[in-house]
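Q: Residue numbers (this note's numbering), protein chains in the order written: chain F, 1 to 148; chain V, 149 to 229.
Calculated from the structure, these hints are not laboratory results.
Mixed in with the good hints there might be a few duds.
Interface residues of chain F toward chain V, partial, derived using beta-carbon atoms under 7 Å [to be verified]:
| id | residue |
| --- | --- |
| 1 | Leu15 |
| 2 | Leu28 |
| 3 | Gln56 |
| 4 | Arg59 |
| 5 | Val80 |
| 6 | Trp108 |
| 7 | Ile110 |
| 8 | Leu113 |
| 9 | Lys121 |
| 10 | Trp125 |
| 11 | Asp127 |
| 12 | Trp132 |
| 13 | Val133 |
| 14 | Pro135 |
| 15 | Gly136 |
Being a predicted model, the structure only gives us computed values, none of them experimental.
For each residue, glycine too, the CB sits at the ideal point set by N, CA and C.
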Amino acid sequence: MIQIVSHPIDAQAVLAAVASPQAGATVLFLGTTRQFTGDRETASLDYECFAEMAEQKLRDLADEAQRKWPLTACAIVHRVGHVDIGEASVAVAVSSAHRQCAFEAGQWLIDTLKQVVPIWKKENWADGTTEWVHPGLEDTEQTSREAP
Amino acid sequence: MIIKVRLFAVARQLAGTDSLDVDMAPGSTLGQLREQLAKQTPALEAVLGQVLFAVGTEYAQDATLLREGDEVACIPPVSGG
Chain F
1 MIQIVSHPID
11 AQAVLAAVAS
21 PQAGATVLFL
31 GTTRQFTGDR
41 ETASLDYECF
51 AEMAEQKLRD
61 LADEAQRKWP
71 LTACAIVHRV
81 GHVDIGEASV
91 AVAVSSAHRQ
101 CAFEAGQWLI
111 DTLKQVVPIW
121 KKENWADGTT
131 EWVHPGLEDT
141 EQTSREAP
Chain V
149 MIIKVRLFAV
159 ARQLAGTDSL
169 DVDMAPGSTL
179 GQLREQLAKQ
189 TPALEAVLGQ
199 VLFAVGTEYA
209 QDATLLREGD
219 EVACIPPVSG
229 G
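Chain V with its partners taken away, still in its complex shape (with noise of 0.2 Å):
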């Protein structure tokens, strides 16, 4: 199953994208994208161990389900305000 993965601030920078696609097992886990993206984007691999990632407006943990149709987001850390 194909997952986008939005990318913002210093990811989207490392990755010269804001959106990858990544081709997942049915039954991946969100940590499984995340080792995968590490691999697919080396650019990334950096900072991936320190961002969080929200499945659709929700951060997910790890060990949570990707189903096809998950849009996830790499957040790295938040700087607002």
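This is chain F alone, in the form it adopts within the complex (with noise of 0.2 Å):
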């Protein structure tokens, strides 16, 4: 299971994808709207995708998972438009006959998804105004902040 999907994650649904009776350990990750970032409190996010190659680096990632550990089943569900406090924007999913590569798996799953898949988020502060979410992008004069 691979996809990009525009309405609550079914975290249920995630975890059938990668059910087996091979499986001795199924770990689940789940990436939620966190409240408050330092002294910033954010009223939600919103996120948006290059749909086609996101899909594509999604799969790829599964599929470098999957040759890196012995798992017998992986799954990712990124969600993208408006996602609110405590709701889940990201879900991973890997099932391996032991414990230890599921857990690595899961993992290295998150962490490389957030480095090169083409997704974004927008904080939706709570103080009206929105910013979109680049790491390392030197703030500039034409800062992505807007006021509300």
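Two independent chains are provided; combine them into the complex using the hints.
A: Structure (structure tokens):
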């Protein structure tokens, strides 16, 4: 299961996608919208993606994880659009015979997804401003921060 | 040759459009496109040095030669997950 969706993520469906009699271990990671970052309060997030490339990259990551570790199965679902506090924007599930590789692969998948997949989040801060999140992008005069 | 460049996130916000057409000489590189975009759309200049480009759905280096019909995507630092 490799999907980009615009609706709430069904975590049970993601777990079902990696279920197998060969699996002794299943690991599910959910990335959820967090209310506070330092002293700034988030009201919600909006996600967008370059859909064709993002889906291809998610598939590539799943394939690479299955080459690097002896996994039974792997599923990645990323949500785009509006995501409220506490809701999941991404689910990564892996199953394997034993737990060590399930934990390792799960961590590698989300860590690498966050580096290479063309998906972006926009902070809707509680103070009404909005700001695209671009790690490492120098804050220039033309910052993306917009007033309400 | 006209190269279509898709813009995302802060790039789209700064340019005010999700797509730009850039006229490049045959045999131009992605790096030359990067420079031309900065000249053609000064609003993007501040970020163009820090974006990656994809040709089709694969990341590409500045040395990549562009061909007629290539679709380029401007990929600011990603923030999925």
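Q: Quick check on Pro135/F please, does its C-beta sit within 7 Å of some C-beta on chain V?
A: 5 Å, holds
Q: Does the CB of Gly136/F sit less than 7 Å away from some CB of chain V?
A: Nearest chain V Cβ about 5 Å off; hint holds.
Q: Leu113/F was flagged as interface toward chain V. Is the shortest Cβ-Cβ separation under 7 Å?
A: 5 Å, holds
Q: Using the nearest Cβ pair, does Val133/F come within less than 7 Å of chain V?
A: 4 Å, holds
Q: Can Trp125/F be said to touch chain V, with a Cβ gap under 7 Å?
A: 15 Å, violated
Q: Would you settle whether the hint for Asp127/F is holds or violated, based on the nearest Cβ-Cβ distance to chain V being less than 7 Å?
A: Given a least distance of 19 Å, the restraint on Asp127/F is violated.
Q: Quick one, is the Trp132/F hint okay against chain V at 7 Å, beta carbons?
A: 4 Å, holds
Q: Quick one, is the Ile110/F hint okay against chain V at 7 Å, beta carbons?
A: 6 Å, holds
Q: Please verify that hint: Leu28/F, Cβ, nearest Cβ of chain V, below 7 Å or not.
A: 14 Å, violated
Q: Using 7 Å as the Cβ threshold, decide whether Arg59/F counts as touching chain V.
A: Check failed: Cβ of Arg59/F comes no nearer than 11 Å to chain V, outside 7 Å.
Q: Under the criterion of a CB-CB separation shorter than 7 Å, is Val80/F in contact with chain V as hinted?
A: Since chain V brings no Cβ nearer than about 9 Å to Val80/F, farther than 7 Å, the hint is violated.
Q: Mind checking the CB of Leu15/F against every CB in chain V and telling me if the closest is under 7 Å?
A: 18 Å, violated
Checked against the numbered hints above, the structure violates hints 1, 2, 4, 5, 6, 10 and 11; every other hint is satisfied.
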